[in-house]
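Keeping their order, the protein sequence lines are chains A and B. Numbers 1 to 111, taken from my numbering, label the letters of the first sequence in order. Numbers 112 to 224, taken from my numbering, label the letters of the second sequence in order.
Be aware that a few hints might be false.
What the simulated footprint calls covered on chain A by chain B, stretch by stretch (three residues with Cβ under 8 angstroms from a Cβ of chain B suffice, anywhere in the stretch; the number is not a length) [stated by the list, open to error]:
| id | segment |
| --- | --- |
| 1 | 37-51 |
| 2 | 97-111 |
Derived SDA-like pairs (lysine to any residue); straight-line CA-CA distance at most 25 angstroms [to be verified]:
| id | chain 1 | residue 1 | chain 2 | residue 2 |
| --- | --- | --- | --- | --- |
| 3 | A | Lys98 | B | Pro181 |
| 4 | A | Lys98 | B | Lys125 |
| 5 | A | Lys98 | B | Ser184 |
| 6 | A | Lys3 | B | Gln148 |
| 7 | B | Lys168 | A | Gly102 |
| 8 | A | Lys98 | B | Leu150 |
| 9 | B | Lys125 | A | Ser41 |
| 10 | B | Lys168 | A | Glu31 |
| 11 | A | Lys98 | B | Gly196 |
| 12 | A | Lys98 | B | Glu212 |
| 13 | A | Lys69 | B | Thr211 |
| 14 | A | Lys98 | B | Ile137 |
| 15 | A | Lys69 | B | Ser173 |
| 16 | A | Lys3 | B | Thr149 |
| 17 | A | Lys98 | B | Ser169 |
| 18 | B | Lys168 | A | Gln45 |
| 19 | A | Lys3 | B | Lys168 |
| 20 | A | Lys3 | B | Ala199 |
| 21 | A | Lys98 | B | Glu163 |
| 22 | A | Lys98 | B | Ser173 |
| 23 | A | Lys98 | B | Asp174 |
| 24 | A | Lys98 | B | Gly114 |
| 25 | A | Lys3 | B | Glu155 |
| 26 | B | Lys168 | A | Ile100 |
| 27 | A | Lys98 | B | Asp135 |
| 28 | A | Lys98 | A | Pro21 |
| 29 | B | Lys122 | B | Asp197 |
| 30 | A | Lys98 | B | Ser198 |
Everything labelled a hint here was simulated from the structure, so no lab data went into it. Beta carbons are placed, not taken as given, at the ideal position from N, Cα and C, and that holds for glycine.
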Amino acid sequence: DAKTTQPPSMDCAEGRAANLPCNHSTISGNEYVYWYRQIHSQGPQYIIHGLKNNETNEMASLIITEDRKSSTLILPHATLRDTAVYYCIVLSAGNNRKLIWGLGTSLAVNP
Amino acid sequence: DTGVSQDPRHKITKRGQNVTFRCDPISEHNRLYWYRQTLGQGPEFLTYFQNEAQLEKSRLLSDRFSAERPKGSFSTLEIQRTEQGDSAMYLCASTGQKNTEAFFGQGTRLTVV
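If we strip away everything but chain B, and leave its shape as in the complex, we get (with noise of 0.2 angstroms):
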């Protein structure tokens, strides 16, 4: 166990249908990022908070990802209008002002019909 928390772990949904994942970083930590996995890849960037700031956004974040951390603690992605190319593991990890290594939560695990 890392510290860092997602949830849900899995989730499978309908094309179309929205759906929303939440990360609970270690609560020291001032930086926050998300990034996807497709199967035999490795993860991508998607984006980057510090506190609750949103300060850098992969181009492969479409106008149906918005992501959030309100109050600079948790953060939750959200994917509107699913597609079937969305299905992938999302993975969360924070890492604090000194700290040198990022830590990654389990991932949530997106499975589109």
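For reference, chain A alone in the conformation it holds in the complex (with noise of 0.2 angstroms):
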């Protein structure tokens, strides 16, 4: 499965675009680049997952580089309730769709 490398730790002014960068140099063709986010003392909750086009929800906007092996997780509008660890994850290329996780990044929205 491939690895995923993220900064440790980012900062952001409420109400400014979050950008949360993610490296994954050895993604295959036919592996997703998925977001999940963990507010802290609660289960992870699913953003936003895309395979070559960028993609955007009600979450959130992820841009996927046209070589794959970066993109880039967008909160248009960040407020105090978005302060979480973001992970990065490239989904297993298996049937099972097993999630393997880095350490994320600590994402502190300051008022």
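Join the two chains into one complex using the hints; note that each chain is given alone, in its own frame.
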């Protein structure tokens, strides 16, 4: 399974866009990039996923580079409730969809 | 609320005791996963069920750990002869045949004293 590299922590001002980078240089052609987040003492929450094209939903946007070796999760207007650990995961190529987690990026949204 | 429920939310037990956790996945989801998470780390995969069949177990799942999903619905995770190193958050997740994302419960936080 491809590994991911994320910065350990980031800060963002409330109301501004939060851009969270992720490197996945060993990703295979059929592997998706997934983003989850985990607010303190809660279970992880799915945010978004993509294969090649950029994706947007009500929570965030996902920008994947053309070579697919990196991606950026964008929270367009961060709020205090977006303070969490954000995990970038490359989905296991197997059918079981087992998630392999790294350490993630701890995002602090400041007032 | 994701629709995945775990019980109990917190458990404190003495070393050497047995504990059992329960997970109720989203009803139409046929795949169920258990993960363990220690402080400051990402979740670690423990085991995976498709319906009632346990298809994969991590090497983290020692002989003291056992998981079941008898009717392909709810699942239990039992830890026998608990050790202090078992203290962690135990997370359950489910996903359906066509669903692409996993839905997680709130976890059971185990403290072994």
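_Does B/Ile137 sit within 25 angstroms of A/Lys98, going by the straight-line distance between their CA atoms?_
Roughly 17 angstroms between the alpha carbons, so the hint for A/Lys98 and B/Ile137 holds.
- Query: Is the Cα-Cα distance between A/Lys98 and B/Gly114 25 angstroms or less?
  - Reply: Holds - the C-alpha atoms of B/Gly114 and A/Lys98 are around 19 angstroms apart, at most 25 angstroms.
With a Cβ-Cβ cutoff of 8 angstroms, does the segment 97-111 of chain A contain at least three residues near chain B? holds (count 8)
Checking one constraint from the list: CA of A/Lys98 to CA of B/Asp135, max 25 angstroms. Satisfied? With a Cα-Cα distance of about 19 angstroms, the restraint between A/Lys98 and B/Asp135 holds, given a limit of 25 angstroms.
For a C-alpha distance cap of 25 angstroms, please report whether A/Lys69 and B/Thr211 respect it.
holds, 21 angstroms
- [ ] Quickly compare the C-alpha distance for B/Lys168 and A/Gly102 to 25 angstroms and report which way the hint goes.
- [x] holds, 19 angstroms
- request: Mind checking the alpha carbons of A/Lys98 and B/Lys125 for me, to see if they're no more than 25 angstroms apart?
  value: The given pair, whose Cα atoms are some 32 angstroms apart, is violated under the 25 angstroms limit.
Check your understanding: CA of B/Lys125 to CA of A/Ser41, is that 25 angstroms or under?
Key -> holds, 22 angstroms
Q) Are A/Lys98 and B/Ser169 close enough, with their CA atoms no more than 25 angstroms apart? A) Satisfied, since the Cα-Cα distance of roughly 11 angstroms is no more than 25 angstroms.
Does B/Asp197 lie within 25 angstroms of B/Lys122 when you go C-alpha to C-alpha? Given pair B/Lys122, B/Asp197 holds - Cα atoms ~12 angstroms apart, limit 25 angstroms.
Problem - Restraint status (C-alpha distance of A/Lys98 to B/Ser173 at most 25 angstroms) - result: Given that 25 angstroms is the threshold and the Cα spacing comes to 19 angstroms, the pair holds.
task: Please work out if A/Lys98 and B/Ser198 have their alpha carbons no farther apart than 25 angstroms.
output: holds, 23 angstroms
Of the numbered hints given earlier, the model fails hints 4 and 15; all others are met.
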